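A.B. asks: All chains, full assembly: derive it from the sequences and hints.
Residue numbers (this note's numbering), protein chains in the order written: chain A, 1 to 252; chain B, 1 to 233.
The hints are simulated quantities; they were obtained by calculation from the structure and are not laboratory data. On a predicted model such as this, the values are computed, not experimentally measured, just so you know. We treat Cβ as the ideally placed atom computed from N, Cα and C, and that holds for glycine. Careful, some of the hints might be misleading.
As the list claims (entries may be wrong) - Simulated DEER-style distance windows between Cβ atoms:
hint, chain 1, residue 1, chain 2, residue 2, range
1, A, E47, B, P52, 42 to 50 Å
2, A, G97, B, V62, 43 to 51 Å
3, A, D115, B, A222, 55 to 63 Å
4, B, V62, A, T126, 41 to 49 Å
5, A, Q120, B, A51, 39 to 47 Å
6, A, P114, B, A88, 18 to 26 Å
7, B, A88, A, A49, 51 to 59 Å
8, A, V55, B, D10, 32 to 40 Å
Spelled out, the chains give:
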Amino acid sequence: MRGRWACMGMIAWVCWFTGPVAWAAEVSVAVAANFAAPMKRLAVAFEHASGHRTVVSVGATGALYAQAVHGAPFEVFLGADQATAQRLQSQGLAVQGSAYTYAIGRLVLWSAQPDLVDPQGEVLRTARFQRLALANPKLAPYGAAAYEVLHRKGLLEAWRHRLVQGDNIAQAHQFTASKNAALGFLALSQVVVDGRLTHGSAWVVPSDLHSPLKQDMVLLKRGANAPAAYAFMEFMRSPAARAIIRAHGYED
Amino acid sequence: MGMKTEALLDPQAWQAIALTLRLATLTTLVLLLLATPLAWWLAHTRSRARAPVSALVTLPLVLPPSVLGFYLLVALGPQGPLGQFTQAMGWGVLSFTFTGLLIGSVVFSLPFAVQPIHNAFEAMGTRPMEVAATLRASPLDAFFTVALPQARTGLLTAAVLSFAHTVGEFGVVLMIGGNIPGQTRVVSTLIYGHVEALEYAQAHVLAAGMLLFSFLVLLVLAWLRPPARRGAW
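C.D. replies: Structure below.
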């Protein structure tokens with residue numbers, strides 16, 4: 001008898017905690033780590049405008065791509081490059097022709113210390129840092145861009161042993177913000193709110209020092225029949241969305 | 001098998017494997033030195049501190065590696081208590097170093113070392129030590145000649161588990177490692193990197209090796225444990 005009650009209790013428990021997931025009307029969005037901050041504000045604005053909620057998964061573009069390929073329930077994919085969106089289309093995982101450049105990212109050399117980074121980034125030529133954090137270049141375009149900058153400045157070999165890699169740009173930020181690494185190559189969007197540096201010191205890397213960080217989004221096949229996913233694709237082109245994206249340090 | 005494996009594994013894989021084995025070996029040694037007196041104390045003390053210390057030692061078993069990794073990153077960082085200490089001692093900041101990883105692994109695997117030894121000491125009871133005392137053995141002498149040999153299965157289990165658990169460590173390394181070849185890039189994080197970068201062939205070789213290794217370790221462990229003494233850990 002007691003066993004039956006325990007069993008019913010357990011079923012009730014499972015229903016209680018799994019039920020809402022299945023019923024709420026939502027759009028599931030995979031977001032490259034550099035775009036996490038603007039995405040938060042975009043989600044609020046989108047819900048306000050359309051009534052649809054967003055479920056956001058943040059990660060390295062490569063990591064999210066691998067998850068999408070293996071059946072992750074994403075409906076919209078916001079990568080940190082153009083190649084991933086193209087690949088998703090050519091593999092038939094995304095709706096043909098839905099790719100759209102939603103942002104052009106800027107790379108920044110940032111330190112949590114207020115006086116370490118000068119406006120020209122000359123600190124890179126000094127030995128005034130022990131660790132330089134960046135994102136894994138194999139998985140994250142911002143990491144690859146950081147390597148390009150170091151290579152172009154002829155500093156890659158000199159500092160190779162001082163580089164520490166985060167799994168994605170968010171982890172690189174965490175390493176730098178916690179001062180475990182004095183310097184970090186990050187996305188401008190991570191350290192800028194409403195066009196102003198939140199704290200620390202920064203050099204906004206001139207965009208001619210690396211390949212352009214054009215970021216494409218794409219509608220995945222899983223979202224092809226979901227009105228909320230279409231609404232989100234539309235919303236990202238709206239002036240309201242563009243303003244939020246610009247405020248976070250992206251060009252468009 | 002040997003030649004085939006050589007062709008399948010690139011230098012960076014060998015480097016990660018060597019690093020992993022070095023980390024696991026050192027972690028195991030440190031843990032045995034640390035866990036044996038701690039387990040002895042836990043098994044014999046009547047102090048009120050026993051319960052909180054026991055809970056503290058078991059904590060890494062239930063805490064997610066992300067919590068451990070995050071707090072280790074904060075603690076080891078320049079502003080953290082451990083970071084301040086290591087800087088004052090002239091060792092610098094230990095996050096993203098092999099030593100930092102070693103500290104993390106020791107914390108992470110502590111319960112896996114303490115519990116088997118603790119159980120072995122408890123199962124032994126106080127009788128062997130009392131007998132040794134009546135034979136005029138000093139407590140320290142008796143500890144090394146009576147208690148430790150009697151607890152050898154527990155010690156061996158602790159060593160095997162600590163080693164295996166360190167080899168299988170992932171979350172903590174990801175948080176405090178920084179993925180530096182030869183320093184902090186171990187097999188588990190290398191596999192993760194391969195999978196994320198869709199390099200499945202390389203990932204498969206390493207992952208299969210890991211699977212085989214873990215199975216063999218558990219097999220050895222099952223052989224070590226005599227069937228009569230179930231629930232030894």
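A.B. asks: Between A/P114 and B/A88, is the Cβ distance one that fits in 18 to 26 Å?
C.D. replies: holds (24 Å)
A.B. asks: Return holds or violated for the Cβ distance of A/V55 and B/D10 against the range 32 to 40 Å.
C.D. replies: About 38 Å separates the Cβ atoms of A/V55 and B/D10, which means 32 to 40 Å holds.
A.B. asks: Within 42 to 50 Å: is that where the Cβ-Cβ distance between A/E47 and B/P52 falls?
C.D. replies: holds (46 Å)
A.B. asks: Check the following: the C-beta atoms of A/Q120 and B/A51 are separated by a distance inside 39 to 47 Å.
C.D. replies: Roughly 59 Å apart at Cβ, these two residues miss the hinted range, so it is violated.
A.B. asks: For the range 51 to 59 Å, tell me whether the beta carbons of B/A88 and A/A49 fit it or not.
C.D. replies: Since B/A88 and A/A49 have Cβ atoms about 55 Å apart, the given range 51 to 59 Å holds.
A.B. asks: Note whether the CB distance of A/G97 and B/V62 lies within 43 to 51 Å or breaks it.
C.D. replies: holds (49 Å)
A.B. asks: Hint says 41 to 49 Å; check whether the CB-CB distance for B/V62 and A/T126 agrees.
C.D. replies: At 45 Å between Cβs, range holds.
A.B. asks: Quick one: are A/D115 and B/A222 within 55 to 63 Å, going by C-beta?
C.D. replies: holds (60 Å)
This entry does not satisfy hint 5, going by the numbered hints stated previously; all others are met.
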